[in-house]
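*Asks:* Here is how the chains run, residue by residue.
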Amino acid sequence: MESEEYSPKIIAFLCNWCSYAGADLAGTSRIQYPPNIRVIKVMCSSRVSPNFILKAFLEGADGVLLSGCHIGDCHYLKGNYFARRRHAMFVNLLQYVGIEPQRFQMSWVSASEGQKFGEVVSRFVENVAPLGPQKKMVVADRLDALIAEEVK
Amino acid sequence: MTTTNLNDVKKAMRESLSSGAVRTFIGWEQGSNSFRARPAFFRNPDEADGAIFSPACSPCLVRMVIEDLHYPLDGPDDRRPLGIVLRGCDDKGIIELIKDRRICREDVVIIGVDCPGVVDWKKARGRLENEGISYDDLANGEIIWKDRKVALKTSEKEINFNPEKILMSKCLECEGHTPRIYNVLIGEEDKNRTLAPHPKAVLDMEERTPDEKWEFWEDVFSRCIRCFACRNICTYCYCEECAVDPTTLAISEDTSAAEKANRPEWVGRDSTVPSNAVYLMLRAYHGSGRCINCEECDRACPMGLPLRLLNRKVRKDAKTLFDYEAGNRVEDPPLFSHYCDTDPGDFIW
Chain Y
0 MESEEYSPKI
10 IAFLCNWCSY
20 AGADLAGTSR
30 IQYPPNIRVI
40 KVMCSSRVSP
50 NFILKAFLEG
60 ADGVLLSGCH
70 IGDCHYLKGN
80 YFARRRHAMF
90 VNLLQYVGIE
100 PQRFQMSWVS
110 ASEGQKFGEV
120 VSRFVENVAP
130 LGPQKKMVVA
140 DRLDALIAEE
150 VK
Chain H
0 MTTTNLNDVK
10 KAMRESLSSG
20 AVRTFIGWEQ
30 GSNSFRARPA
40 FFRNPDEADG
50 AIFSPACSPC
60 LVRMVIEDLH
70 YPLDGPDDRR
80 PLGIVLRGCD
90 DKGIIELIKD
100 RRICREDVVI
110 IGVDCPGVVD
120 WKKARGRLEN
130 EGISYDDLAN
140 GEIIWKDRKV
150 ALKTSEKEIN
160 FNPEKILMSK
170 CLECEGHTPR
180 IYNVLIGEED
190 KNRTLAPHPK
200 AVLDMEERTP
210 DEKWEFWEDV
220 FSRCIRCFAC
230 RNICTYCYCE
240 ECAVDPTTLA
250 ISEDTSAAEK
260 ANRPEWVGRD
270 STVPSNAVYL
280 MLRAYHGSGR
290 CINCEECDRA
300 CPMGLPLRLL
310 NRKVRKDAKT
320 LFDYEAGNRV
330 EDPPLFSHYC
340 DTDPGDFIW
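Line by line, the protein sequences give chains Y and H. Taking numbering that gives the first Met the number 0, I'd label the letters of the first sequence as residues 0 to 151. Taking numbering that gives the first Met the number 0, I'd label the letters of the second sequence as residues 0 to 348.
Any given hint might turn out to be false.
Unchecked claim - Far from chain Y, by Cβ distances over 12 Å, these chain H residues were calculated:
1) Asn-32
2) Asn-191
3) Pro-343
To be verified - Footprint (simulated), chain Y over chain H, 3 or more residues, beta carbon under 8 Å:
4) 52–63
5) 167–181
6) 260–271
7) 276–283
8) 307–316
Derived from the structure by calculation, the hints contain no laboratory data. Every residue gets a Cβ at the ideal spot worked out from N, C-alpha and C, and that includes glycine.
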């Protein structure tokens, strides 16, 4: 395997009704954005609990993006309100422990905002890439596999 | 001294037990030495003679209510209320349980007491030599409150302690010496309830750079042995299926082997830094708006980890972001079960 420049692995939790559709629109409109995100579709941004985000970091994610409908536009009416409250608390806790604040980001992207989705991902990758691979929270056996890959 | 007369407390306990109004009384009894007391269940009026109320009474009793709910001492059919002795700090725990709808107010009969502050055994243990306390003194001495301060009385001497060097940290920021909810208050009500300021330790930690923070927390996470003592003693951590413990999956006789094998494992039980980080962070996060700062986790931790440094951060954020205080008002809905239009959202792109 030839040596590659470091490319961050980003897990993106996208809500089915707005953000996933927005990402889809970005795709059909051929909007260019960095290919680093790996999408996990959830029905609503409030489905995502801090468990999910921490598990992503445990498994080796370099960054986590959580995107949902704009406030007031949630398909389930209230989900994103709960998500906003919950993650305001969680973002502070993550930073308090020393995880770089650039590694977790929330955004509101609606189904018609394909352009915005491209911009959100580009901005996120720009912020996360200079930090290098996330090694603080990677679980031991996963870390061994990552190191083996790097060495190859 | 405390305005609470122990004999009056015992009398109230004996009366409720003998009248059958209460099925079991939760209080404190003498522990392994004069500085230590442990939670006790007094099930009949004679046993109530063993109750104590002294600076040794550091454990928070609210957890015992939950333990009894899970495994009722008197059997599942006895619906009489439980009795409990509460101080100014513990009443928050009962309020939280009522808010969570785990119990109703009628399920507990509360004897309120006036508490000037209790001993932190870990602090005391380190100071025995300094203060000239021998093991004999420990075994035979009596720990009392003298002028609202802690003192050790033996047959030969009396040792007065500096509060900062002997009291639990939460006692140094006491918000009120008597509880706000009670059936009977034995002692003088503390009319000057205050709110503790934001802890300096948390504010200092927030000022550090990410690298400095990680240096501190990585050391803490590496020392955690995942004994789960903090969770088992915690006033709010009573979930039977714990999100950070994959072995506590709720099963019935119909659960298939495939379901058990494929249960979601958010974090393993290994005690490596990443898993401990997730465990401690998630436990603190689950305490948002629920942690009452009872200091049981710090007291129970065998590794002496600064666990409350995480919980107090979450308490501070609940106050500054959402103006929410745990255990303050029974009418408050739980923090994450409602929202406000004015919730902060600047961190969202």
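*Asks:* Please list, smallest to largest, the hint numbers that this structure does not respect.
*Replies:* 3, 4 and 5
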